[in-house]
Amino acid sequence: MPILSARDIVQRFGHEEVLHGVSLGVEHGEILGLLGPSGAGKTTFVNVIAGVAEPVSGEVHAFGEPMPSLKLMRRMGYMAQSDALYTDLTASENLEFFGSLYGLSGPALKRAGEKALETAHLQVEPGKLARDYSGGMRRRLSLATAILHEPELLILDEPTIGLDPLHRVDIWESFRQMTETGKTLIVTTHVMDEAERCDRLAMIRDGVFIAIGTPENLRMQAGASTLEEAFLHFARMEMTQGGGHDA
Amino acid sequence: MRNTLAVALRILRQFRHDPRTLFMMIVAPILALFLLNVIFGSPSYEPLILTDGMASDFTQALEDAGARTGSATQAEALDLLAVGDADGFVSKDGDTVKVWVEGSDPAITGGVVRAVGQAQIEALASVKLDIKPIKLPGGIEIDVTKYLPLPTFEAPQAPEIAYLHGSAEMRPFDFYGPVFIGVFVFFFVFITSGISFVRERTGGTLERLLATPIHRRELVAGYVLGFGVFTLVQSAAVAWASIYWVGFPNFGSFWLVLLIALSMALVSLTLGILVSEFANTEFQVIQLLQIIVIPQILLSGMFDLSQTPGWMQLLSRLFPITYGSDAMRAVMLRGAGFGDIALELAVLWAFIAVFIVGNIAALKKYRRI
Ligand SMILES: Nc1ncnc2c1ncn2[C@@H]1O[C@H](COP(=O)(O)OP(=O)(O)OP(=O)(O)O)[C@@H](O)[C@H]1O
Ligand SMILES: [Mg+2]
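Chains as they are written, first to last, in this note's numbering: chain A, 8 to 254; chain B, 542 to 910.
These are calculated hints, taken from the structure and not from any lab test.
Wrong hints could be hidden among the right ones.
[Claimed, not checked] Taking lysine-lysine pairs in the DSBU-like style, the calculated list, with each CA pair at most 35 Å apart, reads:
| no. | chain 1 | residue 1 | chain 2 | residue 2 |
| --- | --- | --- | --- | --- |
| 1 | A | K135 | A | K78 |
| 2 | B | K906 | A | K78 |
| 3 | B | K906 | A | K117 |
| 4 | B | K905 | A | K117 |
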């Protein structure tokens, strides 16, 4: 049974339909990548499965139960595409705040904060406001607030955007370690080399999943040597099928 | 409950790191009240009235009526009026007294007209009838005044005024002071809470928050509590400063004044958050402030509405500020007790309740639980 499943999700902003009835299952312990160009609907989709946006129609189940549910959200972590930090608070105050919303307090909260910062490869300076950190540091702080309560299912919207290559590698190493302790990750990206590191990939374009599979499989299916070519192949196929998503 | 406290604590910490906002929210309303008090508390303007060919009794009476006087020919006087160096000119045209004024400032015009009117009455009262006894042949004098019902002119004695409320020391502005206290608190809380919540939305932290296991009601309650603590401090500072430093008369209990100010602040806070739902930027909060708060302030009792059309009086009854202003006046000017303003307070708290429920419902847009 998938740890998370989304069925026929439709999302609309005003008259513009952004997700055209998409479905996806995420297996326990995998890193599932959502790969797609800017404006494809990645953020829209992860917001729906994270329970922070109401879809127009469709269902999301997490851990076998219907979302949104506060009980389930306790077991999930979410990192937004924007840093979503309180920039007028210090790094530790941000961690404390989000941690306390998951029922952490006292020494447990402190320990969790330290561990999360370690996983996110960030050293914080006491008393320094979040707005005074560099962009990449804020990104890692944002990641730390998302993993603080050791969620079983982690939804990360472009977690490495704005990070230098060294930190990028470190962070992906952390992701891999998390799956080894039984965590499941959903990561959006439009960077091909990151897509390569995922266990499975869901390629999304214009609000539909055009292909789902392991990176290797997708390349093979498309008869392509890179994921980029594979993406273009599936995108062309989708177009020649005449926008089948409208059904 | 824990989540509510966490949100409230976070808001207070944000304030702590932003001392300028803290400072502005407390000092700005007090500064505005102080300036208003100085302006309206200054002695009233003494108009300069020039005369030509008027009796000295009359010019004396003008001065008694609070005007400065001088003499000039009509041509000179009109030139001075035109450049604003004099405020009025009085001369006699046959039997009628003619008054020229510059006329662009109704307050000055009124001052001149009032002084002239008062002087005329006074000059009239000082006219002594001097009727000589009639001398008849044979040395008999008849004092006709004894037989004729002649009118007697006497300057009217100043009436004795008994005060049900207030006192002779009150200045006209003191009637408006109580309204301003509430209005300023309302205004500044609205801006801060509205902008703060818009930031929460546009900065992505609202979505981020809704990804945590927090109830929508806990989030709203946390906002009310966090800002509530802060508005309590603000209301107390503003109320204290207006009464004990700026010197607005207060015939009622300070604690009631504080309670009303706090209630108004909470209405403003919950309304500000609700309204920010309809704003996408901080700038739009200010725009909404212009259509939602400014009319309320204008109709709040700052101006007398008793002669305005019925719809306007009805409209003012839909606005929470009106009830706050009424209660504030009742307490500060008439020494009303809690029982006298219970209805107004109940209306304010009903507004707060409605806005809180509205806020919780508005968040459904993001997450239905
Ligand atoms: N709040 C909104 N109101 C209106 N349109 C929106 C809103 N959010 C997203 N959209 C539209 O939905 C589409 C998908 O946006 P989304 O943010 O999901 O893309 P994305 O795949 O995450 O892109 P990126 O890689 O740039 O983050 C875009 O065309 C965008 O304009
Ligand atoms: Mg996105």
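Notebook entry, point to check: Among all the numbered hints in the text so far, which are the ones the structure does not match?
Noted result: none
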